[in-house]
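Peer 1: So the chains spell out like this:
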Amino acid sequence: MAIPLKYNTGNLAARRGSMLLTVLGIGVINAVMLSMLALWHGVQKTTVASGSPTDLIVMRESAETELSSWVTREAYEIIRTLPGIAKDANGQPLVSPELVILFKLPRRDSGKGSNVMVRGLTPAGVEMRAVKMIEGRPFKPGTSEVVVARRIHDRFASTNVGDTFHFGSTDYRVVGVFDAAGTAFDSEIWADENFLGASRKRLAYSTVLARPADAAASKSIVDAVKNDNRLKLQVKSERKYYEEQTSGLFGIIILVGFVTVFMVVGAVLGTMNTMFSAVASRTRELATMRALGFKRRAILMSIVIESALVSLLGGAAGVLLALPVNGISTGTTNFRTFSEIAFNFRVDASVALTGILIALVAGVAGGLLPAISAARMPITKALREI
Amino acid sequence: MKFAKLVRRNLFRSKVRSLLMIALMGAIFFLVATLIQILAAFESLNTGGAGDRLVVQSAFSLATMLPYAHEQKIRQVPGVVDVAKSQWLGGYYKERRNTFAILSVDADKFKTVFPEHKLDDAENAAFVRDRQGAIAGADLMKRFGWKLGDRITLHREIFPFDPEVTIRAVGHHPVQGSILFVHQDYLNETLKWNRVGTFWVKVADPNQMAGISQQIDAAFKNSEDPTETFTEKEFNRQFVNMMGNIKLLFSSISLCSIFMTVLLAAITMSMAARERVTEVAVLKAIGFGRRLILGLMLTEFVITTLAGFAVGVGGAALLYANVDVAKYTMGYLPNFHIAPATAAICAAAALAVGLVAGGLPSMKSANLSVVDGLRKVV
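Protein chains in written order, with the working numbering: chain F, 1 to 386; chain C, 1001 to 1378.
Think of the hints as simulated: they come from the structure by calculation, not from any bench.
Here a beta-carbon is modelled for each residue, glycine too, at the ideal position from N, C-alpha and C.
There could be a bad hint or two in this list.
Chain F residues, not near chain C, derived (Cβ > 10 Å throughout) [stated by the list, open to error]:
(1) N11
(2) A14
(3) R16
(4) E61
(5) G91
(6) G136
(7) N160
(8) S237
(9) A280
(10) A291
(11) L323
On the chain F side, residues computed to face chain C include the following (Cβ under 10 Å) [stated by the list, open to error]:
(12) L24
(13) I29
(14) L67
(15) F103
(16) R200
(17) S218
(18) K219
(19) V259
(20) F262
(21) A278
So that you can see chain C by itself, here it is in the shape it has in the complex (with noise of 0.2 Å):
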């Protein structure tokens, strides 16, 4: 620790060349942070989903509905205790950037299908009553100012009718706040067509998913819609297989990013190592060892490096913390935020970058022999 203050005079030696680096290695690391927690973002949407509901669509495709009759025959197979009709509708609030996830639902079954929404049950009761009445996520409300018994029109996405609705209700979901619900049989009735994109399907045993699913589909294999039931988990992952590759594609910026780092900080510190060079050999001459002199050089170098993650993720983290992103992304990415995992990750790739970066010069240094260092002339 008695070296604390060579280390510190040495690092505001070049006051200009350390700003840069921490500039340059904060911009850096702000950007792998937020790919890193996009990718994260999807991975959880990967995972997510409650373990006894399957979701029955059509085999043809999600744009193909399925007729109302179908839910009947549902109800049949053993081991289904409800059924819940659900329809993806889209739309905006007032302006297109205001999109979020709008669906339908049927009205009667949300609680016990949807439990995890948390409803309060006198909201709920009041959502039922109302046809025209909505279940707003907690974010939605705070993010517009809404209040229970607000009349709202939504804009229209797929259907050719735009939904005016009563927030009756408050849904609590822990990650899903951006989303709304309307009635099924509002929409229904104003389209008259009884059909539905989706059933979603809870099951008593979790265990029997898989067989309860093959029974469904079984049911209507040679009807003329027939079906293909996933587990929740399975139609989310659907979502994030769409996406394409993405996976591939942010790691390889993010690779390349940090190679660029630590081909410029290996620049920047070779620099450093070399206009000390004498200084070094008077430290070596007054009975400094190699290995301190190595410690000493590669603690400051990692001390930069670190010090360029805390501005790049921290400045990250406050940004989204106080910034919300899903007003800029049309309502994805709701709740975005830096979690402590992507932080570790990235002060991992900052000490690394340090250290490979840092390596050469520093042992260039320890190994400096006293007597050249001190003729040199730089």
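Only chain F is shown next, with the shape it has when bound in the complex (with noise of 0.2 Å):
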């Protein structure tokens, strides 16, 4: 028969002072475990999240970023006349010549620059990134004017609606703000190609994007660019273009990773280190239980359950200690490209859930050991003692 659950909730009330001290401390380990997965969500959000899966992105061939990459105008040309390339509702096809240049912006904060990339876009290349203004306009083609991503607008100086900044010698006016919903775009300065190009003198385009019709039509479109020579251009998924961006975020990685793995260790010999103490304290109660007919194996799922139900509360507590961490937004570099990217403290249902589930593992893990112990009192010995 089973030791009702009952016994454990009064046993975790009874030791009121230590349980709330393993709760609070479980609370905390969960807390910096799950902001370093909010910090990962955040990152992935930025990164992954960013490319769609279906559109195409044709770099030169050993480009490992937008930024070094180029793309002649004659060999933009042939891909825009490619077969299987889906048309927007004017039957233009739907391919975006686009043009990424890095500018060194001042922050808001310090007024120290800061590497900010700009993407030189036509009209098709708007309407294939949906992206929402929030504030003023989408810019006129063919003028000096620009849309600032949200969290650019909240980093860096002169990025107000109306204002203008300096790069080169070119004065570039800022008329709209938009949200990329928390995607790489939302790191990004739109302005038009043709007038970027110009200011900043580039003959060719950095990368071209195109929309194939359907998933027949995007494999004849990769054959056909690779196996033309003339290109010597490279065609993946967008959204493998943006997966393999991580990379340079690797830092973040390893650190995320390390901290968790620690975190868990913590959380493991924390709960450990308290159900032994629990199961001391009641030696003889536990060997009482025994005497009156409870099996081993009820004791020792007993002890566990107790150990996974403080596992469960610091879990929650960690939730809870963790929540004004959510949404904070920070930036760092991406190394590939030297560009600042902004991303958000991402602590949503999936990270909550992730992180009671480790916590709750770890509570059993951690109750294991002592809970064994327990059961193989022996029951002279332990009734005996005092």
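Combine both chains into one complex, guided by the hints.
Peer 2: Okay, here's the thing in structure tokens:
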């Protein structure tokens, strides 16, 4: 017969003080771990989730980033007329030649310069990226107008609607702020392709983004570009490109993994510690239950369940403690592109659930050894103990 | 000292509990020591750099290159001793995880502008002679088992060609042992661009650096390629700033971890104090004073936390002394090891954890009334 759950809850209530300390301790471990997961989640959102899985990005053969890529105007003409490319409502092919340049602009807080990615787009390119204008209006083609992403607007000086900022020998006028839902485009400024190319004296494009009509068309476009020896270009899906960009943020990946591992170890050892104490302080009690006829297995289960309960409470406390971290915006530099990339800590349901699940597993793992030692206790010896 | 045995026996009273406590503290201090040390490594980037060098880069961004023609004008600025062009190439050797700093540099200027690499004169001459020669840092030579005269191919990162070079000289820089230089001319002949990322300017008098950097920037202010001139220290600081606010992130993690150990240690220690109430009452009855009891218990707790510190920080020190961390971080954190200062900070933290977490239970025991203690059934 199993020991009723009430025994465990009663025990937790009786040892209120040390139970609360344990819950708080595990809560703090969990909060740190959740913050790490939240950071990682935020990074994933700005990288992997940025690219469309179907749109194709065409780049120079050996280029690893848009910044080090170039595609000639002749090559663009070839790509534009390839069969299988989707058309917009007006029958124009959905192909976007893009120019990507780094601008060094002063930050709002320190006034120090930091690199921002500026993307020159044609109307087709803007149409292919579904972003929401939250202030002002889109830029007019052929002018010095630009729109800035909200995160750039928050972090960089002179990026309010109506402001003008200077770069090189050109003034750029901010006419709108857009929200790209936390993707990489949220760290960019968008300008007119022709104006940007002319003012920075660029003759070639950086990349070409193409939308295939369907999966079969996608394959034929990839093959066509690959097999055309004049082009010397590579094609991959936009999503794959952004996935690869994550390697420029490897520092964060290592940090997140490293800290998470230690937090899990801490949670396991911490639970183990309290559970050993909990078992030790009621040796006689447990022995009495054995004498009454409860099986070893029942004792074992009971202690593991108690441990899991404590950890669950700790996990929940961790989620509460980590909630204030949600939404904090921070930035770092992608060392592949040397450009500023902003992201948010994101504590959402999936992160919280993962955290509680890990806490639960750590609780069961940490409770196992004390439970075994409790179940193995010889009844006579344990009863004699004071 | 005559109570050493008492403390020792109490420490081993519950072996599992003490060991778990030490293991937990060890894990947390391993983490904290590592984080502090990484921060320290970034800080050293911050303060590193020769005091007599300026770096000229494009005012637009580090990724924008400057024309070769700028060099002549920079040389004309009074106080400039020598100028070397240099370009970051990136890339790796054989596999991506063998990523290290690869730069091109004006070979004939290297020794004057970068004397801290301590090149052997004969080796330097051999490097200058061979257009496809390379200088490899001592750490790289050791890591890949290279010898002078070895021919290696580097994998491209930024520029569309794979440099093929022969190692002609070994660099003995005190910190930057994982850096490889190739000829600027080799890069430029392959690319035919006549543009370069940075000019490294050696000045005669470090006190005039500010004036010289203003003069350089003024010379190109109205050109198509305006410049921004930094001292080498400022230039290096850019990269630290680029990483964002890691200081806040790392210290938050460390503080939270230590706070957590205080909580868990407090549970363990109050448990340890509670189960010997009778014993303490007996000690008091035979004449042990309050202070002595407080001292004995605190000693015991602090020994536990310090043992945890020793396991964690000692383990970290041992691990980093024997494992080349740079191999797993794509060349970052070269020569990573736990510095004495880091160990000292962690020791202080361990001491504090012991005192804070053990303070209340010890005080409770010390203030116990003999009658109550003897009556209590635990």
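Peer 1: Quick check on K219/F please, does its C-beta sit within 10 Å of some C-beta on chain C?
Peer 2: K219/F check fails; min Cβ-Cβ to chain C is 27 Å, beyond 10 Å.
Peer 1: Would the hint on V259/F be counted as holding, given a Cβ-Cβ threshold of 10 Å to chain C?
Peer 2: holds, 6 Å
Peer 1: Does G91/F clear chain C by more than 10 Å, comparing its Cβ with all Cβ atoms of that chain?
Peer 2: Since the minimum Cβ distance to chain C is about 37 Å, G91/F lies beyond 10 Å and the statement holds.
Peer 1: Would you say L323/F is clear of chain C, with no C-beta pair closer than or equal to 10 Å?
Peer 2: The claim stands: L323/F keeps its Cβ more than 10 Å from every Cβ of chain C (closest is about 15 Å).
Peer 1: Hint validation: I29/F versus chain C, beta carbon distance must be below 10 Å. Holds or violated?
Peer 2: Where the cut-off is 10 Å and the nearest Cβ of chain C is about 5 Å from I29/F, the hint holds.
Peer 1: With a cut-off of 10 Å on the beta carbons, see whether F103/F makes it to chain C.
Peer 2: holds, 7 Å
Peer 1: Taking the closest pair, is the beta carbon of A14/F still more than 10 Å from chain C?
Peer 2: Nearest chain C Cβ is 14 Å from A14/F, so the label holds.
Peer 1: With a cut-off of 10 Å on the beta carbons, see whether S218/F makes it to chain C.
Peer 2: violated, 27 Å
Peer 1: Beyond 10 Å from every Cβ of chain C: is that where the Cβ of N11/F lies?
Peer 2: Correct as stated: the minimum Cβ-Cβ distance to chain C is 15 Å, above 10 Å.
Peer 1: At 10 Å, judged by beta carbons, does S237/F keep clear of chain C as stated?
Peer 2: holds, 21 Å
Peer 1: Hint check: is the beta carbon of A278/F less than 10 Å from a beta carbon of chain C?
Peer 2: holds, 9 Å
Peer 1: If we take the beta carbon of A280/F, is the closest beta carbon in chain C still more than 10 Å away?
Peer 2: violated, 7 Å
Checked against the numbered hints above, the structure breaks hints 4, 9, 17, 18 and satisfies the rest.
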